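Construct the complete structure from the given sequences, taking the supplied hints into account.
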Amino acid sequence: MDTNEVFFDVYNDIRVPLISIDVLKLTDGLKQLDIRKPWSYVAFRIDVPDSKHGAFLDAIRGLIQKIVISKELASLFATDPLLANTAPPKIIVAGLVPQSRIQHLRIMGNQLIWEENSLRPLAYSTLINQFLNIVTLHKLLIEQKRQATTQELEALGFSGDNVETVSEYPRQLQTHLHFAAASLGAWLGGAINVQYFAYYAAIRQITHAPLNDAYAASIGYDSDMASALTKSGIIAAPPSLVLPLIEAQGSAKVFGSIGIDETNTANPPDDSFDASKETDHPGFLPGFLTDKHYRAMFIARRSGQYGFYGAKDVFRDHYKQFYSDLQDYPRVRCKHYCVPIVDVSSVQELQDHASRIPLHNPDGVFFRGQRQMYLLQREERVQDMLFGGSTRAEPSLVTSASRDANYDYDKFHFQLRRYLERRINTDGKKGSESLRHFQELLVDPTCRLDRAIMALAQHYGLPTHGLDVTTSIDIAVWFALNVFERDSVTGIASYKSMKIDDWPMNKPKWPVVFACQCVTESVGQSLQDCAELEEFGITAARPHLQEARFFQGGHSDHQNRLAETVVCVYRLKPGIYETEATFESLFPSPDEDPAYKLMLEFATHGAPELRKLVNRFHP
1114 MDTNEVFFDV YNDIRVPLIS IDVLKLTDGL KQLDIRKPWS YVAFRIDVPD SKHGAFLDAI
1174 RGLIQKIVIS KELASLFATD PLLANTAPPK IIVAGLVPQS RIQHLRIMGN QLIWEENSLR
1234 PLAYSTLINQ FLNIVTLHKL LIEQKRQATT QELEALGFSG DNVETVSEYP RQLQTHLHFA
1294 AASLGAWLGG AINVQYFAYY AAIRQITHAP LNDAYAASIG YDSDMASALT KSGIIAAPPS
1354 LVLPLIEAQG SAKVFGSIGI DETNTANPPD DSFDASKETD HPGFLPGFLT DKHYRAMFIA
1414 RRSGQYGFYG AKDVFRDHYK QFYSDLQDYP RVRCKHYCVP IVDVSSVQEL QDHASRIPLH
1474 NPDGVFFRGQ RQMYLLQREE RVQDMLFGGS TRAEPSLVTS ASRDANYDYD KFHFQLRRYL
1534 ERRINTDGKK GSESLRHFQE LLVDPTCRLD RAIMALAQHY GLPTHGLDVT TSIDIAVWFA
1594 LNVFERDSVT GIASYKSMKI DDWPMNKPKW PVVFACQCVT ESVGQSLQDC AELEEFGITA
1654 ARPHLQEARF FQGGHSDHQN RLAETVVCVY RLKPGIYETE ATFESLFPSP DEDPAYKLML
1714 EFATHGAPEL RKLVNRFHP
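Residue 1187 in my numbering sits at position 74 of the sequence shown, with consecutive numbering throughout.
Honestly, the hints are just simulated from the structure, not real lab data.
Here the structure is a predicted model, which is why all the values come from computation and not from measurement.
No false leads were slipped in.
As a list, the in silico DSBU-like pairs of lysine-lysine whose alpha-carbon atoms are at most 30 angstroms apart: (1) 1686 x 1612; (2) 1622 x 1609; (3) 1524 x 1203; (4) 1425 x 1366; (5) 1433 x 1622; (6) 1184 x 1138; (7) 1622 x 1612; (8) 1144 x 1179; (9) 1203 x 1144; (10) 1344 x 1620; (11) 1203 x 1184; (12) 1165 x 1258; (13) 1725 x 1344; (14) 1179 x 1203; (15) 1165 x 1179; (16) 1710 x 1725; (17) 1366 x 1390; (18) 1612 x 1725; (19) 1344 x 1524; (20) 1144 x 1184; (21) 1150 x 1184; (22) 1203 x 1138.
Structure, rendered in structure tokens:
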């Protein structure tokens, strides 16, 4: 398979949000439509290196070929008031669904031209425009990074001719569509890796456990070990899947965002780790393993105490003084590093202890309260591979979307985006200033609007690629000590306060508060909010009152990203904890919270499953 074919297959696998049509451009197109020859085209400004023209075109061709509209969906679009006032439904359907598809995609100068015998280029021009804007932005970011590195090397008297730059940022994009665009752009700009390739190589196994079992068996694991890997979140990939992707990106040094078999110098693995990567070693297996919780990829090996993430218990140097008197405390493992567990008896004691955490980020320390500390479920043989004989109990802080393998947040993201656009355009006039600004944000390559939409969704109960956190210890304690419930008849959600008698006898099941801080580049810029929506009249009172932030985790192949920020776990002893927070102060009614009201309306008018996902706390 050549490079162009690989890019076509990968980008043809994207789940294109067909709901994301541009009604206004489609309306303009319908006014000029010749039903006997319904051709349309759009042109996008793009600058692609000559050597990568073919791969880029095939990537876009693969993406566009997924835009296949059924007559049922076209008929649904035809009910939109703007479209309905422009042309009869029969004409709209004919313009979107031609009897046969003729498509031309080509680069002319610095423009990409998409032409078809349908109105699809117009209908999806905004979606593709943002995709290509993201491509361009991340291409420029890598070019600037390469240039800066070259200048630094030359200033030191070294040659900058063979600078190898790794792309790291795309994994922080909101949906897999945005992630794919940023990865493509970075590669066009000179990055040696296409980050999205790692997602492509793992996502099917993540969502279909039997496929992962089969891949693990094809590598050489017996059925018991294959099942253990799958249950432990370890994704198997045969060479036939991974090697064409590595060859297409042009470098084997990095796959995804880090190197294969990359280890941490602060906590190296067992000596057997390096020996077992050699093909003549009895532990070597021909394939690859990816940990879906941390997006780390390793050469496959037979069972053994390798300590992929480090064979010893090591604490982060960032908190050396803070940890100095906590060395003998119970601990848990967050990838390469251990984190102490401190038992506290009051909010004040927790605040006093957490105030000693040194600050290494302008966003400071943030917190998450939970009814108990849940642990990642790993089989013992897999824990041996990951941690050797060192601490192996791992806190589970996985993204809310990843808790159900069949759930697809990205689908709801674009539904919510379209719903917001229609709400802003309630007067049916396409020339309003708010609508124009919203449409500008729809194609913004920095994805400010998409970040705000995902934060909004998470704050109001829709599972996303992230989790809610708070900057308030008081509020974190409240959430740790109040149990979420939902009435099976009315569907109304509520919180029930814990009493002393409710404390479990088993200490590991006591309520906890996680203290977190983003101290490494890999988790930087992860805290977000939904303030960008306020200019459209969508004020979110709940996150404001909860002093909440949205921590963006990874996609399906980086589910436990928040755990990499944990500094300390505070376990709450049985007792009475006085907090200023109350249910009434944290959960305003729909009349007091415009964003809450909007999300309830979105759930009512959207897909049936949304009504079960968006939490209703008031009758």
